[in-house]
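Visitor: In order, the protein sequence lines correspond to chains A and B.
The numbering of the first sequence is the numbering used here, which starts it at 1 and goes up by one.
The numbering of the second sequence is the numbering used here, which starts it at 346 and goes up by one.
Watch out, some of these pointers could steer you wrong.
Claimed, not checked - Partial list, derived from the structure: chain A residues whose beta carbon lies under 10 Å from chain B:
(1) 136
(2) 155
(3) 160
(4) 171
(5) 175
(6) 255
(7) 258
(8) 262
(9) 263
No lab work stands behind these hints: they were computed from the structure.
Note that the structure is a prediction, hence the values are computed from the model and not measured.
Glycine included, C-beta positions come from ideal geometry on N, C-alpha and C.
2 protein chains.
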Amino acid sequence: MAEGGRYVIGVDLGATKILAASFDVDKGGSIKAASHEVKLRTPSDEGSERLIDSLVEAVESLRTAKAGFECLGLGIAVPGPLDREKGIVRYTPNLGLENYPLAATLGKRLGLEVRLENDVQAGVYGELKAGALRGKKTAVGIFIGTGIGGGIVIDGKLFRGSTGSAGEIGHMIVHEGGPLCGCGNYGCLEAHASRTALAKDSIALAASGRAPKLLDEAGLSFRKYRSSAFAASLNAKEAPIEKAVDRAAFWLGVGMANLVNILNPEAIVLGGGIVARFGKRYVTVARQAMRERLMPGLADSVEILVSELGDLAVPAGAALMALDHGAAQAGGDGNHGSGSGNGEK
Amino acid sequence: MAEGGRYVIGVDLGATKILAASFDVDKGGSIKAASHEVKLRTPSDEGSERLIDSLVEAVESLRTAKAGFECLGLGIAVPGPLDREKGIVRYTPNLGLENYPLAATLGKRLGLEVRLENDVQAGVYGELKAGALRGKKTAVGIFIGTGIGGGIVIDGKLFRGSTGSAGEIGHMIVHEGGPLCGCGNYGCLEAHASRTALAKDSIALAASGRAPKLLDEAGLSFRKYRSSAFAASLNAKEAPIEKAVDRAAFWLGVGMANLVNILNPEAIVLGGGIVARFGKRYVTVARQAMRERLMPGLADSVEILVSELGDLAVPAGAALMALDHGAAQAGGDGNHGSGSGNGEK
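The shape of chain A in the complex, shown without the other chains (with noise of 0.2 Å):
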């Protein structure tokens, strides 16, 4: 037992990498530390057995990697729509996932019990839980990315709305008839503001010649275009780069703008790659954006903070939410119920 601890495991299942965690759990029942971490490529094209294989192989080395590791929980996040409670994936476009039973295939092979979640829900959750949000009863948490995901905390719980998908702010229409969007869409915040919004201007430039560093790093492969590639360029101070990122700044804080109008939050927390790797210029340029377009008095009412467990919010966010779930069941605070009943209070 000196040897051994009871820790929770967290996996973010992300289109290009799995990343998973164990997380010491302390007497509270809360999580401490992240004890280990594994970072895998994703195997999206090669069916859900290679895929199920993988995540074997990063949970094993986490239970593994300490004698008398006692696991209390296991929780996995996915992008995309799901069925929480029977832990179904419906689709994931990225994973080549359809319709399918990911907490009890995973679970099986495991001999655990597995919790499925949303990835941004997990990582604002985390954030809630165990980062920039402890603590917070009324806030927003923005995760910019490939796409923009966000989740809303309502006295001080994760807000699901009627059907279980509250939280869609990337595609809240900023600009109507603006820039194509991935969902179908025109003028979407995540066709301004996301990564690849950032990606389709700055491609252009590189193509151009106007961004030889970029061009240097990621060539004119629309996937090589991610944060590293333009925190790169932005290290080298190219203007057209850094008018393009500011664009997208001043972008995500005309969508901040809006939610702070319509939900009035103590605090918006703003996670994912680009802000890990944009910096302060970046979060500076969104929160003028969006303090020019508050109503009177609101504009001091919201903190804007940046993501404090980076890229280890998502994996504890599922971590967490498993072991809440699992304290729910066993009769604790029951925020998230066992699924029986309507859900309804």
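The hints should help you fit chain B onto chain A, whose structure is shown.
Guide: Leaving out everything else, chain B in the frame of chain A:
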């Protein structure tokens, strides 16, 4: 006692009219039908004393309309920012009040405790407790008039946000850089879909001779471009005005889509003069624009409802808030705390 009865009074103090109504209170403490209503012109440019005189006149005429009238509470709803707990109107550009203790002043004159509320919040509360939103847990109310206001219902209660100003949905930006809004920003929902926005387009059409019926009704006087004038033009099938109204409805639908994507409500209720007078086509156009912009699976998750209480939504809501606040103070359900403590939990 056979003659008398228990009543609550609600007053909608608008820029152009005062609408006061008394409502029967049943044994269970909720309201039944409106008993009497009084409508007066708002003396908006004649100072606060004259305004108070008119409010007293309206309320007294309700109290004396029936022998044995027992008044259980009085609520008054005003546009614009206010301090609910202190009963102070912060400012109302169209009423000439600034930091004015409306609840205390009116209460002293009437010998009653007066509850102050924002007009749109009162209207949504009225629909929630006694109208189209009865029984809903998660919903949004949108009131379209000179401006556009909103109220958010979460867990069956009005959601106020962290500093009490949640629901400013009229200033959600749906087309950054679009038409100038009264708030000073460009492209707010209100700048596209309010009666004011419609009036801007329509007065120009009337001036150019393309809407003779509207010109006949409202001349070229901006303030006369009210819902009734538009309704007359629509009845005369004036195509340019039909197009302008369809366009306003389209933008309303864009805003509704944003709210559904963000909040995933069970229902949206539409209220205000435009909705009451423009009828089915207006709502159909808005609903269609909304549906085209929703994330998969959401289109059938939300009911689009029309206000059941119409003009009485605001007085009914104000009256009910006074009633419920009284009940809370007397040890009732506490939905609307008495202002002691920090108001959290």
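Visitor: Does each hint hold? Answer for all of them.
Guide: The hints, checked one at a time:
1. 136: 9 Å, holds
2. 155: At 8 Å from the nearest chain B Cβ, residue 155 of chain A passes the 10 Å test, so the hint holds.
3. 160: 7 Å, holds
4. 171: Because about 5 Å separates residue 171 of chain A from the closest Cβ in chain B, which is inside the 10 Å limit, the hint holds.
5. 175: 5 Å, holds
6. 255: 9 Å, holds
7. 258: 5 Å, holds
8. 262: 6 Å, holds
9. 263: This interface hint holds because 6 Å falls under the 10 Å limit.
The structure agrees with every numbered hint stated previously.
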